[in-house]
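Here is how the chains run, residue by residue.
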Amino acid sequence: MSVFFLRRILTLVATLVAASLIIFLVLDALPGNAAQMLMGADASPDAVHALTVKLGLDQPLTVRYLLWLKGMAVGDLGNSYVYGTPVAGLIAERLVLTIPLAIMSMLITVVLALAAGIYTAANHNKLGDVGVMSLTQVGIALPNFWFAILLILLFSVKLQLLSAGGFAGWDDGIWTGIRSLLLPAISLAVVQAAILARVTRSAMLEVLREDFVRTARAKGLGKREVLWRHVLRNAMIPVMTVMGLQFANLLAGTIVIENVFYLPGLGRLIFQSIANRDLIVVRNCVMLLAAMVVIVNFVVDVLYAFIDPRIKVSNL
Amino acid sequence: MSAPLTAPAGTAAIPPGARPVTGFWRRALRHRSFVLGAVLSLFVLGAALLSLVWTPWSAYDIDVASKLHPPSAAHWLGTDVLGRDIVSLLLVGARSTIMVGVIAVGIGLSFGVGLGLVAAARKGWTEELIMRMSDFTFAFPAVLSAIMLAAVAGPGMVTSITAIGIFQIPTFVRVTRGSANAIWAREFVLAARAAGKGSFRITIEHVLPNILSILIVQATIQFALAILAEAALSYLGLGTQPPQPSWGRMLNDAQTLLFQSPMLAVYPGAAIAIAVLGLNLLGDGLRDLLDPRLARER
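Each protein sequence line maps, in turn, to chains U and P.
Per our numbering, the very first residue in the first sequence carries number 1; after that it's consecutive.
Per our numbering, the very first residue in the second sequence carries number 1; after that it's consecutive.
Because the hints were derived from the structure by calculation, they are not lab data.
It should be emphasised that the depicted structure is a prediction, and the values quoted were computed from it without experimental measurement.
Quick reminder that beta carbons are idealized off the backbone N, C-alpha and C, glycines included.
Do not rely on the hints blindly, as some may be mistaken.
[To be verified] DEER-style ranges, computed between Cβ atoms:
no.	chain 1	residue 1	chain 2	residue 2	range
1	P	V53	U	L107	43 to 53 Å
2	U	I174	P	N210	27 to 37 Å
3	U	A168	P	A185	50 to 60 Å
4	U	I174	P	L29	50 to 60 Å
5	P	L50	U	H124	35 to 45 Å
6	P	F200	U	V96	25 to 35 Å
[To be verified] If we take Cβ atoms under 10 Å as the criterion, some of the chain P residues that face chain U in the derived model are:
no.	residue
7	F136
8	A142
9	L144
10	V152
11	L212
12	S213
13	I216
14	L233
15	F259
16	D284
Bound-form chain U, shown alone:
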């Protein structure tokens, strides 16, 4: 605990406030008037004014910003300009899809990447290593939405095993839901796994050269045991840093992938809201995504200290 965590938590709060400020300024201060955008260029000034007052947009910027912060603190994000329903509810409906999708693809990413990374590091410079590394080089170059389309071509159009899009929901049982998120999750995961596999491999190769690895081998531990017990654990720091950063990409990726598979998640909600000029929904969705990115990276930062106690000392 103590200074290390205190500093991290302060940075976290400052970052979140800064993010909210930027988002608010870009979305609410720049366009001038959301009411005008909603009603179109040729709406009568009276009607625009009435709507401005109705939406509370006539209050000063600072007041509106503080009201928004206060609303976020108590879970009241205001009402959608277009649907008139609470924004918090709209978002919650969509998170039921987006969060499982993100978790599924992160799981697939980690499993694929660690398997490939450990395998290649253990077989350094052998045929398998070269083969898998070339594959990851290609994987990194694939746009995830194209890979998604290729998966649809293979599994939906040719083999007709899985549906090309849409979401069955969780009501028909968990497997039905997972089935419809499988292709999206795989297409998000494969590209990220390629990057993470390379990071895992080079981190492990670095550790393999350390003296303590030789010592461990010398005292009679088996190759496998050294690899899992000593090398992997010490190689986790760079791997986790990249995983944290990848989570940001993953969330941005869900926006794209949800559109490929017509999934009613957060990404689709943002898009519909842009099309509808529903700026209050856009604002809260963007804030939520940015906050998730910041918080995940905070958690990674704190986890370091648990994995490697040396960090806590050196970062004081």
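Using the hints, position chain P against chain U.
Okay, now just chain P, sitting in the frame of chain U:
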């Protein structure tokens, strides 16, 4: 005879301090990923340049009568749903891709390197502020900032270029500051300081030239990322707008026709993958060739 210390067979004996410029191309041509990357990148660049002077058909003329033709002698890869020639669309698409990439990386490079150099030169709270700001920008991936910009300014090429450019800045800040700090710790900088040079002159005359190769490598890799981001934004309709052809847009159009003409969804994606793969390999190769100390474990 003052022969250099006997070098082990197979490694070039480069006297310390000498710049291994003379051997660059000889080494480069033997470097597999550099050669492959250069060939692929030149292929894409060539396609873009070719499209400026010649395309088999016009990439803009709509001819619904000849829509969705399979590949033939006239249309090598067939036509799309509006009867446009796929090869021509791909060639012109290469141009959009490279243009967006160059401008976006240019934005990232100029702001990022500038801020990174200042952070390294000034230290103290200036450095702290710049680094916190760049950490903070990581919270907004390109797609997210493009969405915000598109919500207020409308979608388009300018929106996507700006968003991708902003997203590139923090990476350049980090790389520049990290490597510049290492140069600032060297003796020759101390000597330059003793000779009375100010931090600005030291930055321009000593720091920048010494980190140039690292920046070139990073720019190559960022270029690849910019291409991926541009493709995603155009696919979503936030980037390059029709009728200007773009690979991402072509994929979006093709997706509605997966059952009729599946190959339409294959070509533009392959083009993106070739461009990105080429740049990544080129970046890896350049890293090995320009600065062997940076060579990744392979």
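So, going through the hints one by one against the coordinates:
Range check, V53/P to L107/U: about 50 Å between beta-carbon atoms, so the 43 to 53 Å window is met. At about 57 Å, the CB distance of I174/U to N210/P disagrees with the hint of 27 to 37 Å. Distance hint check for A168/U and A185/P: the Cβ-Cβ separation is about 59 Å, which falls inside the suggested range of 50 to 60 Å. For I174/U and L29/P, the Cβ-Cβ distance of about 56 Å falls inside the hinted range of 50 to 60 Å, so the restraint holds.
A C-beta distance of roughly 42 Å is found between L50/P and H124/U, which places it inside the suggested range of 35 to 45 Å. For F200/P and V96/U, the hinted distance range of 25 to 35 Å is not satisfied, since their beta carbons lie about 55 Å from each other. Interface restraint check: F136/P against chain U, minimum CB-CB distance 6 Å, threshold 10 Å, status holds. Using the Cβ-Cβ criterion of 10 Å, the hint placing A142/P at the interface with chain U is satisfied: the shortest such distance is roughly 7 Å.
For L144/P, the interface hint holds, since its Cβ comes within 10 Å of a Cβ in chain U; the closest pair sits about 6 Å apart. Proximity of V152/P to chain U holds as hinted, the smallest CB-CB distance being about 5 Å (cut-off 10 Å). Violation of the interface hint for L212/P is found here, the shortest Cβ-Cβ separation to chain U being roughly 24 Å, above the 10 Å cut-off. Here the hint on S213/P is broken, as its CB sits about 20 Å from the closest CB of chain U, past 10 Å.
Restraint check, I216/P versus chain U: the minimum CB separation of about 19 Å is more than 10 Å; hint violated. Interface hint status for L233/P: upheld, as the beta-carbon distance to the closest one in chain U is roughly 9 Å, under 10 Å. Because the closest C-beta pair between F259/P and chain U is about 6 Å apart, less than 10 Å, the hint holds. Because the smallest distance between the Cβ of D284/P and any Cβ of chain U comes to about 8 Å, under 10 Å, the interface hint for this residue holds.
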